[in-house]
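2 protein chains.
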Amino acid sequence: MEQIIVDYNLEEPFYIQIYSYFKNQIINGNLSKGKKLPSIRRLTIDIKVSKTTVESAYNQLVVEGYVNSIPKKGYFVVGLKDYDFHVSKDKIHSHHEGENQEYINNGVDKSSFDMRVWKKLYCNILIENQEALFTVGDYQGESVLRESICEFVQKTRGVKCTSNQIVVGAGIQYLLGTLCSLVKDDQHSVAVEYPGFNQAKNVFEDYHMEILPIPVYKEGIDIDQLKKSKTKMVYLSPSHQYPTGSVMPIDKRLEMLSWASDNEAIIIEDDYDCLIRYESRPIPALQGLDKGGHVIYLGSFSKILLPSIRISYMILPQKLLDRYKRKISRYSQSASKIEQLTLSKFMKEGYLEKHLRKIKKVYHRKNEIIVNYMNKHAKDKMNILGHDSGLHMMFELKTNKTNSEIISEAEKLNIYLEVVEGYNEAKVVVFTYSGLEEEEIQGVLQLFIKNIF
Amino acid sequence: MEQIIVDYNLEEPFYIQIYSYFKNQIINGNLSKGKKLPSIRRLTIDIKVSKTTVESAYNQLVVEGYVNSIPKKGYFVVGLKDYDFHVSKDKIHSHHEGENQEYINNGVDKSSFDMRVWKKLYCNILIENQEALFTVGDYQGESVLRESICEFVQKTRGVKCTSNQIVVGAGIQYLLGTLCSLVKDDQHSVAVEYPGFNQAKNVFEDYHMEILPIPVYKEGIDIDQLKKSKTKMVYLSPSHQYPTGSVMPIDKRLEMLSWASDNEAIIIEDDYDCLIRYESRPIPALQGLDKGGHVIYLGSFSKILLPSIRISYMILPQKLLDRYKRKISRYSQSASKIEQLTLSKFMKEGYLEKHLRKIKKVYHRKNEIIVNYMNKHAKDKMNILGHDSGLHMMFELKTNKTNSEIISEAEKLNIYLEVVEGYNEAKVVVFTYSGLEEEEIQGVLQLFIKNIF
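Chains A and B supply the protein sequences, listed in that same order.
Heads up, the first sequence is in this note's numbering, so the first residue is 320 and it goes up one at a time.
Heads up, the second sequence is in this note's numbering, so the first residue is 320 and it goes up one at a time.
It should be emphasised that the hints constitute simulated quantities derived from the structure, not laboratory data.
Any given hint could be a false lead.
One copy or two, either will do: identical chains are not told apart, so a pair holds if it fits within one copy or between any two.
Below 27 Å or equal to it, Euclidean Cα-Cα: the simulated BS3-like pairs (lysine-lysine) are [unchecked claim]:
hint, residue 1, residue 2
1, 717, 370
2, 700, 746
3, 429, 731
4, 720, 438
It should be emphasised that the depicted structure is a prediction, and the values quoted were computed from it without experimental measurement.
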């Protein structure tokens, strides 16, 4: 065996150098099974290090299983079974980070959020609630935040609930996952709006649910087809459907609830951006009409506040709440505790309401600019659909381009577009404008008309 | 029809009062199908409000589907189908919030985290990266954070990867969910350590995977039984198993990798708190030995930093990474963008390393105090197991109490205890001490000995 030398110039502690030396000898096969390592005393003298240093090195080798320590006999190499390190034959693909292109039109309006206030509140939380930061958060979401949300949805959306029914999570997808886990023994299929919000559909698929796409018309999902499907669970956005913008009128809402009641079914109401309507008040939530405990209400702050803050919530009816409470420790809280506390303060002190008033005006103005511009410059080339609310509208394009040509042209312009499936012949794309600055709009639309039609 | 009166004393805008009035009349049946609403002009005169006010009210009724607007004719009540609002027969249970008891021993050490630094970095992010906050984050996690994590795991855990292989998420459960979704077409069962980490098992269950519990001994999972199980996926913590604290020696690690290679199997290595070892260095990760792309590495900052910060990561081998990249837009990012950026800065500026050095000492001292105290005062009543690392140890109790008696006594003392199943006759509990202040320990242990044995 060659001489071990500890290198005084290396940053690595001596014991690690010794440990690494022997480990490599064992892996290389230079020290085979049963071979005895030099005694601690011997090595101490040979390489002029302290006894503790050698002991630490040997101890590490023992813990990792390279050698056995036999009392009063010494340290012996353990036999490693032959291990064929064959490398996988799969080609290594190089990836560019293009999947995360930052589009100019996504995101939220930059001028309307008061970062100064948010920062102040956040720092206050860090000072005042220091104790709370060292412990795991409430599984269900911080109770102060749940109280704020409860008050908020009652007031703005006509939702009926107590804070105890609210479950907070980092994003709608996370909450839908929790929900799937709660209902998985009863529900094996789910009806979804077509066209609709794919991110939700993906979650259901992942939980092995059969997806039943039901067409969406001007008045929302086709209830007759829903009834025929025989499923007992449906996911929809009755107050502002994505992407069509359709709104379900009250008679259809009542029919939905009747259906749910007759079939003991579950309606998942995703109320993602319905606070932003321009031509009328926000339409009260389906949940507020439900007296049988069939509606699960979903809401989020990503669209109305900051997309970088991942806080959403789900409101469970009593029966599912009982089930959730029994299994509560299965689901760890995913939303940041500090941000939950900050958001609660932001709401309690009236900043959210103020913010909503502000962005409604801001987005309405952007909306009008786009509609006016397009009607003036591209009326013969397209129709605008579903533009009376929300942060997006749809363009029905009169073009011979294929879907992928449209998308790729848009990507070149750094514009995020989604092609809507389910519109038969027509080419319909979703155009989000929330992230566009007012003064950018004309320029972007010019490019849009020039390159995409 | 009774006279509508708008109430000047109400905070509600007039148009909402008018809207609500008609809505209630329709719901109550006082205004039945086909009935015409007063004309806008008429109402304007009758109740002395502006034309716009009445128009807004009627418009809202139209949007919500209570009335139809027929051009040049007026507004007519829509027929609402009979809707029997029967209330669910389920009993309403009252819940106390006890599920979220804040135990004295959970959480992390309070004195060791430098809140001042964290706050400073966080506020810097809010100022410097303002632009980034208005857009959705990188699906996979912020790239600066992935780079910091990459450097960190290479240095501290011997993991081999690029930042492109790292996926960030809010907690191990969330990431395991993503993983299940990636492998769901190939994998229908998963082997888990028994006893083991239940939160992981729960996720697999939710994704309809068959759970195969495999016993854990001093040297980790029983590989022979794993082989017999015929599964192609296993979840384990080879460097510090929860709760037993067992460590898998190198020969078994190689055997695991051989098994994975021979069977094209997946090893999920959860390396949750293995940076905290007292008697030896942290044991290098299994992932670093893997040359065939069979190991998925999981790590988290909850235990080593702040549990209130929900940031974990998963390192995918190339094959799964390709699959993930193809489906990347299915999985929204769950971790707070601002906290991701803050954590990255915290790591880049060397604070994490400093913090780890500090907590290792702090926890080691707590650990020693407990071991010494228990050996002095309760040696005849219990044995201590698995106390050479991590933030917990196990007590094997010599008591006639039942498991539920033990747990309920502990709850009364505000101590979180977990009973370990799978130890045959012995009563073994996991005692976490991370959240206990040094000066509290003796008092808590006294109570523990007095009430729980």
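Each hint tested on the structure:
Within a single copy, residue 717 and residue 370 get their C-alpha atoms no closer than 83 Å, and across copies no closer than 39 Å, so neither meets the 27 Å cut-off. Only within a single protomer do residue 700 and residue 746 lie at most 27 Å apart by alpha-carbon distance; the minimum there is 11 Å, versus 76 Å between protomers. Taking identical chains as interchangeable, the C-alpha atoms of residue 429 and residue 731 lie at most 27 Å apart only when both belong to the same chain, with a minimum of 23 Å there against 50 Å between chains. Taking the shortest alpha-carbon separations for residue 720 and residue 438, neither the intra-copy value of 46 Å nor the inter-copy value of 51 Å comes in at or below 27 Å.
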